[in-house]
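Chemist: Turn these sequences into a full structure, and let the hints steer you where they fit.
As they're listed, the protein sequences go chains A and B.
Here UniProt numbering is used: position 66 in the first sequence is 66, and no number is missing along the way.
Here UniProt numbering is used: position 1 in the second sequence is 1, and no number is missing along the way.
Bear in mind the hints are in silico, worked out from the structure with no lab data behind them.
Hints may be right or wrong, so weigh each one.
What the simulated footprint calls covered on chain A by chain B, stretch by stretch (three residues with Cβ under 8 Å from a Cβ of chain B suffice, anywhere in the stretch; the number is not a length) [unchecked claim]:
hint : region
1    : 20 to 30
2    : 33 to 40
3    : 271 to 277
4    : 281 to 289
The model shown is predicted, which means the values in this text are computed figures rather than measured ones.
We treat Cβ as the ideally placed atom computed from N, Cα and C, and that holds for glycine.
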Amino acid sequence: MDKPLYHRAWFLVLPAFLLVVFNAVVPMMTVVNYSVQDTFGNNQFFWNGIGWYQELLDPSTELGGRFYDSLGRNLLFSAIILAIEVPLGVLVALSMPRAGWRVAACLVLMALPLLVPWNVVGTIWQIFAREDIGLFGYFVNHILGITYNYTSGVFSAWFTIVVMDVWHWTSLIALLSYAGLKSIPDAYYQAAAIDGASRWAVFTTIQLPKLRRVLLIGVLLRFMDSFMIYTEPFVVTGGGPGNSTTILSIDLVKIALGQFDLGKAAAMSIVYNLIILAVCWVFYTVMTQVDAQRPKEG
Amino acid sequence: MESLAWMAWTPATLIFYGLIALALGTLTVMAIRHPEVERVGILRIPTTRGDRFFIALLGSAFIHLIFLPLFGADTIATLPVGEGLEVSRLWLASGISLLYAAAVFRWV
Chain A
1 MDKPLYHRAW
11 FLVLPAFLLV
21 VFNAVVPMMT
31 VVNYSVQDTF
41 GNNQFFWNGI
51 GWYQELLDPS
61 TELGGRFYDS
71 LGRNLLFSAI
81 ILAIEVPLGV
91 LVALSMPRAG
101 WRVAACLVLM
111 ALPLLVPWNV
121 VGTIWQIFAR
131 EDIGLFGYFV
141 NHILGITYNY
151 TSGVFSAWFT
161 IVVMDVWHWT
171 SLIALLSYAG
181 LKSIPDAYYQ
191 AAAIDGASRW
201 AVFTTIQLPK
211 LRRVLLIGVL
221 LRFMDSFMIY
231 TEPFVVTGGG
241 PGNSTTILSI
251 DLVKIALGQF
261 DLGKAAAMSI
271 VYNLIILAVC
281 WVFYTVMTQV
291 DAQRPKEG
Chain B
1 MESLAWMAWT
11 PATLIFYGLI
21 ALALGTLTVM
31 AIRHPEVERV
41 GILRIPTTRG
51 DRFFIALLGS
61 AFIHLIFLPL
71 FGADTIATLP
81 VGEGLEVSRL
91 WLASGISLLY
101 AAAVFRWV
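Modeler: Dropping the structure here:
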């Protein structure tokens, strides 16, 4: 610590700080204020204390039941897509070409889904999976003879939103993993070849440990995105059939803008936000720890 | 204050944010007087004073969130202030949070 500390440099953060105050801190404070009150609009508020939180956290109430149900669905959704996307992404990265024009072709093709906006992805799949005019839906229903209709079948709806997310985001994991794989020096593989290591041994002892950091980032990004996903399921299923695909964000919007229950929605936002904050902190801490340990490993 | 009406401030939330602002101010002054030094505690991660404050705050929020559905917020006492100030059981969670925060600052 020989570096001189020049604290006045902190003022350079001021513009960014002001921006954050206006677009994050002030709205956040407002949400906290809403969460302890009830309103019928017109800026008239009535004190409700911790009433909304009590209702929200009690599964026997209407609000609490909805909250726990959609939280459960959201966690299930995140778990499913992580369980599919991470291994699949690594597999794709492993089978991608290592040199030549095919690398560029692969990278471009893989990056394409990442560039499509969420609502467009939703619309693509909404039409693609329709049983009457959609290529995929028609094929499954009329050629394979399997009843598949995401507007009426719970399984079909879940299948559609999961496959849609896998289609949209596996590329991210694959590209991250590919970058991680490229950074492994050839000497490692040569040493493994001399030792006569099997393909599996190379994967578990060389590639996977080297991928740990990118995979952590990938899992964090995918968890966050899937935990706050809104547009895609909203466009395809609208939370239905029934409430079977109503995840937290969809339910939140229904409560806040559909029913205009700002107090309930605010309490739900705060709890939702706290869960995300806690998960983020854990991931961030683990990630920085992995970084800090790296020099020691040599 | 009419222009701020949409923010729907209440005395309780004002005090809450006031305390947080006060704590952040105190941390800033402390950081200037005694620069933060990382240390490794029972979580085996290096933390500064600010990190510990964050862990304490986040943990306290979860203590309240877990306490509320488990034990409720019934009135456990009435203080002889004004018409009788009712004390909710949730204040116990706040007490636990304070102990927890002290533990975080001491051992994490």
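Chemist: Taking the earlier hints as the rules, which of them does this structure contradict?
Modeler: none
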